[in-house]
Structures are given as structure tokens and as C-alpha cells.
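Q: Sequence:
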Amino acid sequence: MWNNIPREGYLTQGIVLPLKDIVSKMGLTVIMARTGYSLTFKGIRPHWKQSLMLAILPYACEGVAHSLIANKIFNYNDNYQWAFLQGMVSSIVSPAVVVPGTLYLHELGYGHGCQAFSLLLSSAGLEVVFGVWATNFIIGLLFYDQQIAVAIALGPVQLIGGGILGIACGVLFFYFVEILKHEAERLPNGKYEKTHFYGTLNFSTLVFLLLAFSMVFLGYSLNLAGGGCTMCVFFASAVTHLCIKDGNAELEQQQKYIGSWLAFFWDNLAMPCLFAVVGSKISICSIFNKDFFPKAVVCLVCSTVVRVVVTFVVQLGAGITFWEKMLVCAGYIGKASAQCSIGTIAATLVAEEIANLAPGEQPSAALLRRREYANNVQQVAAMYVMFMAAVASITLVRGGMAVLPRTKLDGRPQRPRPSNESSSVVDDAEEDRRPDGSDAAIFMELRERDTHPAPVARAV
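Numbering follows full-length UniProt numbering, with no gaps: position 54 of the sequence shown is 54.
No lab work stands behind these hints: they were computed from the structure.
Note that CB positions come from ideal geometry on N, CA and C, so glycine has one too.
Among the hints, erroneous ones may be present.
To be verified - Okay, the calculated beta carbon distance ranges per label pair:
hint, residue 1, residue 2, range
1, 273, 298, 20 to 26 Å
2, 390, 145, 36 to 42 Å
3, 214, 298, 40 to 46 Å
4, 390, 78, 30 to 36 Å
To be verified - The calculated EDC-like cross-link candidates involving lysine to aspartate or glutamate, where the alpha carbons are at most 16 Å apart (straight line), are:
hint, residue 1, residue 2
5, 295, 372
6, 181, 107
7, 194, 250
8, 191, 250
9, 191, 178
10, 194, 183
11, 20, 250
12, 408, 183
13, 42, 246
Given only the sequences and the hints, what does the whole structure look like? Please build it.
A: What follows is the structure in C-alpha cells.
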């Protein structure tokens, strides 16, 4: 609304293109880092086939259906690159919708040991990786003059090369943190003093974010955005895997603490900035008018139906009930963070092309047509966020309460600790362990939000 009062752009004209570009990539980086941080080999291994199919098939089918419909009703004139850009951007599921709803149900006692939740979380994280890569593949064709053969050849190279480099960086980062921790002596009980431990992790989190930003921004600068994003995801996933693979209480607490900082950074900086910048580009009159709105609704409804049907079919043979399958379908239609971070890229690039014209030079008809297409992509993505985030959240939470059995959560007794008692970080980690299996690998991102870091770590 701020962008449209009293007229479009009056209060937001100071948000310049470079700032919009930086904020979009910053938001994308945090999304990729948190996605990778929630993905573990241990969590995906029991149902990796279903997770992989659920990450690819619904997204691909929805994207194709949306693109074919959009090509006809948005008058792309068989320019399938723009039609598929709109379809692929709008079809990416959002972990930012799936995870909070699942977390809320889990805290209420619903879904403990539920395979449907496990499948939903792992697939949503994988789909973001494929979706960002597919979108950047099309953007490379549209704006960076890549030949189709070259782009196709670079696709597997970016995925494989980015994955290998990301894992290598994750291993190096893990041992970098271990070196920092060894700068202090352990307490007589063999544990680290809290002030040193958390101080080290605070600095390590800063390094983690700087590395993640470097990967994504470097990928865009080299026209290898898909590789940079893949590298970021595998980097974060490798760090998580090394922390939880042996069941070490200290490393698990380390993983939770860094994860809580990532959640804090997303909730309090990256997400508000990203959504604010996206809103500053949206014209209410351009979306809610008799020409655009009905077309967008047709694309939204038809493509969502395709996603729901394919999602249900993919789950056949997964060993879960009919209503649990429907619950996964309901949660798997959520759209938010991915559309905000990459839905504006095309419009920003076209705006830069227009801004770079010589003084007095008028945009060509082709350039004006590209601007119209880019605005379509941006506005449809924004409309998906407006409607599908709310619909998915409500149906996931209400459906989960109706479908899933509820486990009674017993309050955990807290051991009183005298003020003069020495303690270490692992004392708290051992108290936090639950015997009900709720610390399964697939819920690592849910657990990382249980502990919110304070600005100053507690001293012993």
C-alpha cells in the first residue's frame, strides 16, 4: 500500500535499483542457507525416492501447466522463455510456509513420528534448490545471451560442481570452528566454558553468512547463479551433517545455536527487507483490474489443481493414510519466500536496461514488450504470495489438527542449579534431550528455532 499512496511510487522512489537487487539476492541467500541447513542425509535417506519425486514432479508439472496457460492468456505470442519464466517462478514451494506450520503443530503435540511431516519438510527444501536453478537457467537465456546448448551443458556442471565445492567449504568451515573452539582450555569435566563457546559460535555464524553471501553473489557475477545457489545449499547441509552425524551433544548444541541465529536473521532482517522491497515494486491497480486479475486467477487455480493431483499421485505407496496424503497436498501449495526473492529479478534487469539507455534515447518496442512481460512475472509472483501463503498455512494447521493423532506432551522437569555451580554448554544440551524421538534429523530446522540466541551469551 505504501507504494501506491497517494500515487504509485511517490513514497518509494528512493529505493533505487541497486538496493532492490542487493536485497533480493540477500533474501535468496538466507533462503538457500536455511534450506540447506534443514536438509540432512540422515533425514532424507529413509524415504529419499519419495522425497526426490515430490521435489521434482509437482513443481515440474505445475510449472509446465502454468506456462502453457500463461502463453495463451497473457499474450506472450509463443515466446515460451517468458511464459516458462513466469510458470517456474510462481510454482516454487516455500519452506517459509511449510516449516512454521509444521513447527506449530509439532509444539501442540501433533505429528510426532509422522512420516507425512518428514516427507513434506525434506521435499520442500529440495524443491527450492531445483526451482532456483530452473529459474536462473531461463534468466540466463533471456538476459545473458546464453546459447541453449551451452546453458543445458552448464546445468549439470553447476549442480555437480556447486555441490562438490559447497561440501568442501562446509567441511573446511566445520574444522575452522573446531580450531576456534580449541583456543581455550576445557573445564575439568571436559566441556567448554559457556562464554567462550557461545562467543566462538557468534563469530562463526558471521563467517557462515559471509561465505553464503559470497557464494550466491559470486555465482550471479559469473552468470552461474544456479551453481552459486547450489553451492550455498550444499555448504549449509554439509555443516549440519557433520554436527549431527555422531550424536555428539556438544556439536548438536552447536548446530542448534547457529541455526537459531539463521532463523533470527531471517525473521528480523532478511524477510522484512525482502518483502518490503517486493511491495515497493507492486502496483495495486495493475494487479486488481479486470484485465490482469482474471488471467492470473485462471493460472493460479489451474496450476494449483495440477500440483495437488501430482502430489497425491507421487505419495501412492508411501505407506501413509489418505488424509495424511491430503495434508501433504495442502501444505505443499504454499508460496512466499522464493517468489519474493527471484520473482523480481527479471523486472529489475529490464529496468536496468532502460536506465542504461543514452540520454534522450527512447526504449524500443522490443524493450517495452520485455518490460511488460517482466512486470507480468513480478505481479503474478506477488499475487501467489498474497493468496497461497495464507491458504496453505490455514489448511496445513487446521488439517493437521483434524487428521493427525495428538501426543500428550509431559512437562520436562528442570533441574535447579545453584548460582555458584559450574556448568558447561553440554549440560544444557543433555537436559534438552527428549526420549520421544523428537530430535530426529528431519526436524533439525524445527529444533533450531527452539533456542533463540541472546545478544550476550551467559557466563558461568
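Q: A separate judgement is required for each hint: does it hold in the structure or not?
A: Quick rundown of the hints versus the structure:
Checking the proposed 20 to 26 Å range against residue 273 and residue 298 shows it is violated: the Cβ atoms sit about 32 Å from each other. Take residue 390 and residue 145: their Cβ atoms lie about 39 Å apart, and the range 36 to 42 Å holds. The hinted range of 40 to 46 Å is satisfied by residue 214 and residue 298, whose Cβ atoms lie roughly 41 Å apart. Under the hint 30 to 36 Å, the C-beta atoms of residue 390 and residue 78, about 34 Å apart, fit the expected range.
About 15 Å separates the Cα atoms of residue 295 and residue 372, which keeps this hinted pair within 16 Å; it holds. For a cut-off of 16 Å, the pair hint linking residue 181 to residue 107 is broken: about 33 Å separates their Cα positions. Our distance criterion of 16 Å between C-alpha atoms is met by residue 194 and residue 250, whose separation comes to about 11 Å. Of the supplied pair hints, the one linking residue 191 and residue 250 holds, its CA atoms being roughly 8 Å apart against a limit of 16 Å.
Restraint check for residue 191 and residue 178: satisfied, since their Cα atoms lie roughly 13 Å apart, inside the 16 Å limit. Proximity of residue 194 to residue 183 is assessed by CA-CA distance (about 14 Å); at most 16 Å being required, the pair is judged to hold. Annotation: proposed proximity of residue 20 to residue 250 is violated, straight-line Cα distance about 40 Å (limit 16 Å). Between the alpha carbons of residue 408 and residue 183 the distance comes to roughly 44 Å, so the proposed pair goes past 16 Å and is violated.
A C-alpha spacing of about 11 Å is found between residue 42 and residue 246, which places the hinted pair at or below 16 Å, so the restraint holds.
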